Amino acid sequence: MGIALGAGLAVSIAGIGGGIGMGIAGGKAFEAMARQPEVGGDVRTLLFITLAFIETLTIYGLLIAFMLVGKM
Amino acid sequence: MIFGMWDSPFFDLGPIPVDHLVFTEWVIIALIGIIAFTATRNMQLVPRGLQNAFEAIILWTYDFFTQLMDKEHVAKKWAPILTAFFLFILLSNYSGLIPGAAHVQGFQPPTSNWNVTMTLALITFCSVHVAGFSEHKGRYFKHFVSPGWAMLPLNLIEEIAHPLSLTVRLFGNIFGEEMVIAFLLFMAPFVIPSAIMGLSLLLGAIQAIVFTILSASYIAAATGEGH
Numbered sequence: 062m063g064i065a066l067g068a069g070l071a072v073s074i075a076g077i078g079g080g081i082g083m084g085i086a087g088g089k090a091f092e093a094m095a096r097q098p099e100v101g102g103d104v105r106t107l108l109f110i111t112l113a114f115i116e117t118l119t120i121y122g123l124l125i126a127f128m129l130v131g132k133m
Numbered sequence: 056m057i058f059g060m061w062d063s064p065f066f067d068l069g070p071i072p073v074d075h076l077v078f079t080e081w082v083i084i085a086l087i088g089i090i091a092f093t094a095t096r097n098m099q100l101v102p103r104g105l106q107n108a109f110e111a112i113i114l115w116t117y118d119f120f121t122q123l124m125d126k127e128h129v130a131k132k133w134a135p136i137l138t139a140f141f142l143f144i145l146l147s148n149y150s151g152l153i154p155g156a157a158h159v160q161g162f163q164p165p166t167s168n169w170n171v172t173m174t175l176a177l178i179t180f181c182s183v184h185v186a187g188f189s190e191h192k193g194r195y196f197k198h199f200v201s202p203g204w205a206m207l208p209l210n211l212i213e214e215i216a217h218p219l220s221l222t223v224r225l226f227g228n229i230f231g232e233e234m235v236i237a238f239l240l241f242m243a244p245f246v247i248p249s250a251i252m253g254l255s256l257l258l259g260a261i262q263a264i265v266f267t268i269l270s271a272s273y274i275a276a277a278t279g280e281g282h
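Each protein sequence line maps, in turn, to chains A and B. Counting from 62, one number per residue, gives the positions in the first sequence under the working numbering. Counting from 56, one number per residue, gives the positions in the second sequence under the working numbering.
These are calculated hints, taken from the structure and not from any lab test. Be aware that one or more of the hints could be misleading.
Straight-line C-alpha distance at most 25 Å; calculated SDA-like pairs for lysine to any residue [said to hold, decoys possible]:
#1 126/B / 109/B
#2 89/A / 272/B
#3 131/B / 102/A
Please read these numbers as outputs of a predicted model, since none were measured by experiment.
Using the sequences plus the hints, can you model the full thing?
Shown next as structure tokens:
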């Protein structure tokens with residue numbers, strides 16, 4: 062019971078943080094691209110790298126959840 | 056079979072047991088090799104068809120990595136391995152979408168196991184330090200103590216965190232996606248999983264791009280003049 066709850070919370074809390082961060086990063090990047098379309102390529106590359114770094118934290122939560130489920 | 060993974064070896068090659076996902080890797084490598092061989096078998100000065108496509112890929116990746124790394128000789132040296140990473144990871148991710156993956160003997164999508172992703176990340180780890188050392192020689196080791204000796208532990212942790220995060224990112228994404236598809240197939244066998252599978256076409260390509268770009272930016276950071 063406790064382990065199941067912990068697994069769910071690990072993914073969901075990590076998902077909340079990652080979602081907020083990705084939303085801010087993506088929104089700002091689109092703003093920049095709309096303002097200056099000629100830097101679109103550079104911004105897109107940097108956006109991918111940034112999103113990957115943010116996503117890592119969420120994936121750590123997912124990994125902990127898998128480990129907890131494996132222990133159940 | 057545990058959790059969508061074969062847990063026994065597929066066959067024995069002499070004393071060495073060969074796992075299911077190793078066999079799938081061999082098939083993917085053979086596929087890339089055969090396509091590349093047929094593209095370059097009789098090359099012409101004016102390229103047509105497959106040769107044209109490969110020349111476009113190679114020109115595009117060289118331009119892209121040159122732009123990312125700022126140094127043309129470094130980009131020329133490391134573009135082949137990074138492009139190989141991209142092609143291999145892309146085909147590995149997509150192999151999970153073929154019907155029968157993880158259900159047919161000898162067919163296990165390689166990137167959904169973290170031994171494979173860790174191997175790829177360790178290749179990147181070694182490449183980064185080889186690239187940095189061959190560019191800066193002895194000066195390269197100075198960046199481990201860059202602002203001062205007090206930062207040495209933090210810098211070492213950062214160097215270890217790079218391959219770890221590459222491993223976990225690729226494995227977690229692909230494995231999580233496979234789990235979601237398996238769960239949806241269990242709940243609703245028809246039509247509904249195809250929405251997630253369409254999304255995972257996009258996701259597989261993005262993960263391959265992200266792994267390649269991050270490897271390239273680590274190499275760029277090691278060979279750059281920033282330290």
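Ascending list of hint numbers which this structure does not respect: Violated: none.
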